[in-house]
Every structure is written in C-alpha cells, then in structure tokens.
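Position chain B relative to chain A; hints supplied.
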Amino acid sequence: MSWSLVEARALAQKAARGAGMHWGHAEEAGFAATWLEARGLSGIEALARYLENTVQSGGVKPNHCPIFQGSAISDCNDPSLLPALSLYQPILLLPFIAAASGTDTWRIIWGDKAFSTNASDVYPFDRTALSEQIESVGIEKSEAQLQINDCYPRVQADRKVFIEKLTKLAHRTYAPSTEESRAKGAGGAD
Amino acid sequence: MTQEIHFENENLPMRAPEQVMRLERMGSFHQSRLSFMRVLLRRLKRENWQFDRPRFDLDENGVGVATYRVKGPQRTYTLVAFAHDLPDEMRSDRVIAEAWDTTFTLVDGEPSEEDISRLSQNVPLQEAGRISEHEFVLSRANRSVRLFDHVVDVLASGKQPDAEKIDATGYLMRTTAVYGSGKFGAADRSTWANREEFSGSFQPELLSVWLIRTFVIDLVEHLARMKGGDRAVRLDKPLRRRLGIGNSTGLGMAPFLINHPSLIHAWINARETALARVRLVAKIDDEIMQDFGQLVERAKINTENWSSEHALQVKKVADLLSDLTKLSEILKTELLTNPYPFNGLYEWGVKHLSLEGQEQLVSLMLEPFPDLVDELSQTMSADEGGQFRINGRMPLFELKDLVTEFYGWTNLIDFSSPEAIARVWYTSEEKLEPRLGERFEEPIEAYEQPLCPGRDARRLHSDLRKWQDGETVAAFLLKHPEHRHMVRRIQALTSNPYGEIRDNTIAAEMLPIDLLRCKLSFFGATKFDPRSDRWVRITMYQNAPYPDELAFIDPDDCAYPALTK
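These protein sequences, in sequence, are chains A and B. Quick note, in the working numbering, the first sequence goes up one by one and the last residue is 190. Quick note, in the working numbering, the second sequence goes up one by one and the last residue is 755.
Everything labelled a hint here was simulated from the structure, so no lab data went into it. Using N, Cα and C, we set each Cβ at its ideal position, and we do this for glycine too. Watch out, some of these pointers could steer you wrong.
[Claimed, not checked] Which residues of chain B face chain A? A partial, calculated answer using Cβ under 8 Å: (1) R265; (2) E317; (3) G319; (4) E323; (5) P640.
Okay, chain A solo, but in the shape it has when bound (with noise of 0.2 Å):
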C-alpha cells in the first residue's frame, strides 16, 4: 500500500490545521512534506513528530517552527534571511530553501547533520535526518554538484504510523455530527 503524493499533501495540510496553523501554513506543510517525500526524505514522519509536539506543547511557536521561517524565506525569495533560530524538525526547512534558491546551492547544517539543497534536489539522500528537540540551524551557499536522488511518484508504505498520525490530527478539523447537520446535509435515494 502507498498513497497519492495529491492525497498526502491534502492529509498533511488539514493534519496541520488540526494542530492549530493558519490555512495559509497548513498549505505549506502539506507542500514541504510531499516535496520532501518526492525525493525520498521522510517529510511526513518529520511534520507529524512536528505537529505532535506542537499540539502536546500549547501550540505553534513561529520562532521555532520551520513552517513559518522556511515560508518567511521563501516570500522573500532569499534563504540567507534565514534568522539565527532553533527549530522543531528542520528537515522540514529544505523545501522553502529550494524554492527560494534561484541557480545557487545552499548548506544548511544543524547537529551532525548536513543538506545541499538547489531548486529540484537535496543531498544527501538521508532518512534519519529526524530530530527529537530543537536544532540551531545554519545556512551558507554552497559550491556541491548535486546527485540526483530516484524520484519517489509515491508515498511510501512505510510511512504508515505517520499518516496515521496525521490523520488523527486531521480529525481535529472535522466536526461533531448533529442530527441537524445530517438532516441539511445533501441528497438521498429516490
């Protein structure tokens, strides 16, 4: 079993809306986390451990979310504006890099890990580049040729747990069923 990168974006979108973004980053998050599973990185697993954190700690924190500073960035086309700031599952910041990288190549290095990152690829291809508490990012350009990763058209079936995590989420979206909403809602057989 796998999923639609279509059907992940949307799921991921309403899981962070669950978790309390604004609409205009809940369409982030489901951005960054299909584009990070397109190149084989485990977007969804880092935006659920980051929405579930968020949720168990009283809500979004812009100063450490890299939802908010990777769109930041990305509105002003520039990832060297990136501030000086720790944050929840920095992975998640390599799309935003990406989109705002224009024809250069960024770093971005935080703990023991490492990302070059252009306008369509990351390197290197790492998986376990998932982290438990905040990270002080840093960023510089960067002279790597890319490798080109295998392009992933799916999300893959072990991604499971996460989407249900986030599908769980996604649930705080929805509201409670009344006999009223089912007697307006639509249709019935003839």
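For chain B alone, coordinates are given in the frame of chain A:
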C-alpha cells in the same frame, strides 16, 4: 460552410469577470462544445479508439465482474466493473452510504488476474478500500428503482420498454461519486496529465462514466436473459441511446470551484474566448443560419423535456422556454443577415432574455463554429502548483490595488450583519463530506473552512489599511499569518481573473446548487434537476452514442434532441 472572421486575440470582446462570475449567472450555465464529455467523445471518434469486453462473468443474479477495454493510438485503459447484490433498503445516494449496486475502477492498461483479485477486495469498499498508482478512477452507481426492474422485466418478456417511461427517468443507474486525481490511493493527476488523450479536464473520470453506461445496458440485458431465457430480447438501439447515466451531486462538489481558482479560470476563459470569437464572425452563410434556427428548435425540445419539481428550477425552465420562443421569433427577422450577426444576436439576448436564456444562447452560438471553438478545449486545465509561491517582495500598495480589483464588490456587503455571514462551510466528522451549516444555530464556527474569499478579503483589507504602502507582503505576513491563504489567492488571481466568484459564498441567501450547476455544465450535463437548494440530479451522456456506435454517429450532433419529422 463559409464564414468571414476578423479577430486578433488581444482585441476580443471578452465579457468582464465581474459580469460572468456571479453565482446567479453561473447557476444558469449550459453544456457546450467545450464540455468535457463532448471533448472526450470527439477525440475517441477522431482517433478511432477501439472497444471490447474481454470479460463478462456475471451469475444469474447479475453478481460478478466485467471488464471494458479501450484502445487508443498510444495506450489502453480498462474499466473494471463489479456488480453486487444490494438489498433495496441499503440503496442510498448519500456519500455516507456503505454499499452500492455496482462499483468501478479505471485501470491504466490491462489488469492481470492478480490485479482484478486485488481490486475485488478494495473497489467494492470504495472510500474504505485502497486503489493504486495503476488505477485512475474509483466510482460506484446505484439502480434507479423506478426504471431498472421495469426494463429488465419488459425485456425478459420479449418486449421493448415504453419510450415515455425511459424518458421520464432518463437513466438505469446513477453514479453517486466519481473519484479521480490521487483520491484513495489512485494515481496522481501528474502521472497522466501530459497524456494527449487526457488533456483538458476530468477526461479519465468521464471516460469511466461513459463505459459505465455501456456496462449498465449489458447488465440489464444479462438479467433479462437470466429471467426470460430465450424469450428475452435486447434493448433497441434508439431506445438505448435515450438512456444516460444519472448522477446525484451534493455539497461535496461545491467547494471545488472555490478551491481551484486557476482551473476555474481556465474553464471560463475558454468559454468566454469562444463566445468572443463567435461575436467577431463578420458574416455567415445561409446554411449556418438555417442550422442555427434548427438548433434553437432542438434546444426547445430539450427544454420541454426538462422536468423538475424544485420551484426555482420550474421557474427557470419556464423562463428558458419563453426565451427560446423569443429567440426563434427573432431569427425570423433579418438580424442574422447584418454584419457581425452573432454579436447582434448576443446583444439582443442581453436585453431580452433571462440569465438562463442568455447562457443557453451563448452555448448555442458556439455550436456552428467548431473551427473557432474546439481547439480551446486544450486550454482547459491548469498547473496549480505554479501559482503556489507567494511573492513576498510585492509592495503593499500593489496588494491593496489587487484587493480592490478583485474584491471591490465586497464593499457593498455589510459583513457585520448576520445575513452576510449566516453560513459556515465545514467538514463533518461522520463521513468527511463538506457541509454547509448555520453559523448562529449550530456549534460549528470553530471548524469553518476557508471557503468565503469575499469576507476574508475584507478582513485582509481592513488590516492592510494600517500598513504603509511601501512595506512588503513578506513583512505583513510575518505579523499577519492569518491572511496568508488570501494573499496567495489574490496573487494567483492576477493571471486568473475568471478564477474568483464575485459573490458572498456564506450569505444566508446563497444557493449551493448554483455552484454545482456551473461545474456540471462544464462536464456536459443536461437537464439539471435540483432536489433541494444543495443537491442536484443530472443525466450524463443521454442521447450520446455507445462505443459500438461511435464510428457512425457524430457525438456533437447528439447534444440536443433531434427534430421530430
């Protein structure tokens, strides 16, 4: 056919988005040459697609599996149909149903035995099952209780059903959902979007529905044979053609038009471009004039056969009939012999016809001009990802101007009044379907979906006023992340002016059926039959050729009923 055409694209007399994108007008749209079912059948005919039925394993109760294979110039697709034994009391058109008479999937290529076995474990479960990247569409259909058993019985006894009875319902089965584009595990749209045969919109979905129509006839004839044995007869072809596939569409479809502005722009822009081109035809010959007169009479027959019990629709149909009568009268005058005849006719229509009649006229005007119109179907899709990123370097004065340009109409709405914000779009926990609730009567506001761009634009505007013109969108969004979705939308509208509905989608008097009608008209539905203000029944492919007739019947000639001699 001769026609003199003088147009340059940049000078087309396009109708303004503020005129077109009003719910009342959108709720009056009719199918046209650009409707997706017609686009599909034109292609299948032009490219001489081949059809067969490799498998038909149904038992005496009509339970089993059948496959329908279609071969085009480059690729093959297969509809896999599962027929079930559904007790009458379980038959429901609601999305929340859990069992259906028939379930379907469209497979990329030809399914193996293993594929069919896997699909048989999943497709009958619909939303509760999973399909894979090798499948494009998931769908199901239920019998029309009124007609299905009757037709089986009559055929079993060796007779043909009454045409009147067939026309009264128009279909033997109706689909209650047709899912595509990555839903429930299906292949992402991006995997097939570049295939020539699926250019445009919703082509895999509508290919499935067309094949389902054939399966339903095969199922009925099979059951008649099981019941009547040698006495049973097949359905006469002219009668068979009068049967389409019914469809019940509820609120689930309504948010689509709001959630996909660049796609909606592409649809509307194609139709408006076609209209503008036809208005610029300088002169037409007698043949076109005569054909057009006949077409109006055929549209009249279609309208006379259009029944609805919904008060609003009854009035609209009556208006339409009177409009079409006025139209046939005006065609007896010299109007079409004047220069730019269809421009004159269009302008006459604006003055004398209801919105329903005006939009019918627009659709009719496109019919005589395949050379001007049909190629535009290739423009009716959108790369939505390309519009996703926000330009944060845009100065706020530009954003303020865009808000005024696209949402100036909201100045006339008092969003502090309860009537203006009476509704809430939300998703129910029960079956994850979109619903429309009452803000002041139900505890649902916390679950509100962002499907009210007018109100959200006003909120954005009110915060923007506190900021200096020279500051940037990026700086504004750091302080106001709650406006991010609207800023994205507004920036995307600059290249998609028809992408926004210029009406309040949460107003007390808003009619969701207007949204449904607009979308279904682009699919190619005829005779919309609203059953309330929030769901509508339609018939798809009524009068269209079946696969075994496509080679010798022009599907475009079937869009309106034939004139009776």
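Against the structure, the hints:
no.: 1; hint: R265; result: violated, 18 Å
no.: 2; hint: E317; result: violated, 11 Å
no.: 3; hint: G319; result: violated, 10 Å
no.: 4; hint: E323; result: holds, 6 Å
no.: 5; hint: P640; result: holds, 5 Å
In terms of the numbered hints stated before, the structure departs from hints 1, 2 and 3, listed from lowest to highest.
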